[in-house]
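Engineer: Chains as they are written, first to last, in my numbering: chain U, 1 to 152; chain Z, 1 to 152; chain S, 1 to 83; chain R, 1 to 83.
Because the hints were derived from the structure by calculation, they are not lab data.
It is possible that part of the hints are untrue.
[What the hints assert, rightly or not] Partial list, computed: chain R residues near chain U (C-beta under 10 Å):
hint, residue
1, Asp58
2, Ala71
3, Glu73
[Stated by the list, open to error] Computed list of chain Z residues with no C-beta within reach of chain S, every gap over 12 Å:
hint, residue
4, Ser8
5, Ala18
6, Ala22
7, Gly42
8, Glu45
9, Ala46
10, Glu57
11, Ala84
12, Pro87
13, Ala106
14, Pro140
[Said to hold, decoys possible] Which bits of chain S does chain Z cover? Going by a derived footprint, with three or more residues having C-beta under 8 Å, they are:
hint, stretch
15, 31-42
16, 55-61
From the three backbone atoms N, C-alpha and C, an ideal C-beta is built for every residue, glycine too.
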Amino acid sequence: MASVSVQSRDYDTAAEIAALTAGRTDVGAVVTFSGLCRDDGGTLEALEIEHYPGMAEGEIARVCAEAEARWPLQGCRVIHRHGAIPPGANIVLVVTASAHRAAAFAAADFLMDYLKSEAPFWKRNRRRDAAAGQPEWVAPKADDADALDRWR
Amino acid sequence: MASVSVQSRDYDTAAEIAALTAGRTDVGAVVTFSGLCRDDGGTLEALEIEHYPGMAEGEIARVCAEAEARWPLQGCRVIHRHGAIPPGANIVLVVTASAHRAAAFAAADFLMDYLKSEAPFWKRNRRRDAAAGQPEWVAPKADDADALDRWR
Amino acid sequence: MKALYFAWVRERIGVAEEEIEPPAAVATLGELMGWLAGRGENYAHAFENPAVIRTAVDRLHAKHDAPFAGAREVAFFPPMTGG
Amino acid sequence: MKALYFAWVRERIGVAEEEIEPPAAVATLGELMGWLAGRGENYAHAFENPAVIRTAVDRLHAKHDAPFAGAREVAFFPPMTGG
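Could you put together the complete structure from these sequences and hints?
Structural biologist: This is the structure:
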């Protein structure tokens, strides 16, 4: 039932919510998570996101199936972008729909934690100052492993 | 910092997300919760939502301030509708923005639990079959009290 | 002082708001419900089980043992079902 | 069998994918990393700390002790940083 896209182009959050709810009267709660490209230091030109085509879609679909097995969802949509993402732009969207809010919240939270640690994407920061040399790869965060442990 | 509206008209989720993120590069995570009018039995004409003008806005703002004290939020927006809401239509929107996803998720979840139990709104179901008599008031759910206990 | 009623409290009483002038001996919201209940059958019906009624003073939640002296506005309503 | 490399594993090796034909004695992904490390300085650099490398067989996560016999595609990459 989940729908998964891995794409370079941006997405339209409102259209994705509408796609899960239009014409239905059994959805009581929709949660969206949008991940955006931050530039805390003011030196980022773009985040470059590499992915493993085929496996990226497959892993996200697998994680969605697990969320659907854990919670009574009426809809589940994930879009993950790859390529160059400028500061302030969208990276990832998760939308979950359910009759009740607890399931929609928990499933979206779970999906993000699993995507962070299981989906084959790798980020690196391309700085404005080219003298900074090769873009550096983003290191995984210990926080993300801890977040995952909450669901085990 | 939070922005609160209590209104009869519908809202535009995408515009509300944009208002919290446009022109910024310090927001890494945006969570939205949309509460929609369900009609499980297929007999609902509309949900009628009564509210206490003045106190409704005040209570929501108070709950937002508490969320902002608990989590590092960069934006917090709540819209709660009143009046007649047909099946499938929007009732309530919560949008939270933060540098990191854990704060955005927790704050949105917290806000919904508190709104359910603290904000002065009362729902009743107007059925299509007028012979059903007066619209019945919706009873509070024990689940909602339990949900609230998670934050204490 | 203005008294406001919402949802089925409003329906049972038959008005949404009114001016009230309780005697000085009525000090808390709980006592005020007791005094209101004596004003007629409609009020008695609305306040027949005061334990389930929520109360507010000047648009802030307040418990039944809270005093209301000096308030501009008191309100009585069932448990809320927003969100 | 196709081998795919991502992120800094790809950068260190210098190619994104290639056909490999490991000898029959190389049975697990861990052994395969050891064999690849012997193919040149670039491979040795990429696999200098195999414990940090994640591995996949036919687009599914697999542990280092997993066999890969019959696989069409194996992949080597750093811990993921998506989301």
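Engineer: Could you check the structure against the hints above and give me the numbers of any it violates, in ascending order?
Structural biologist: Result: hints 2, 10, 14, 15 break, sorted rising.
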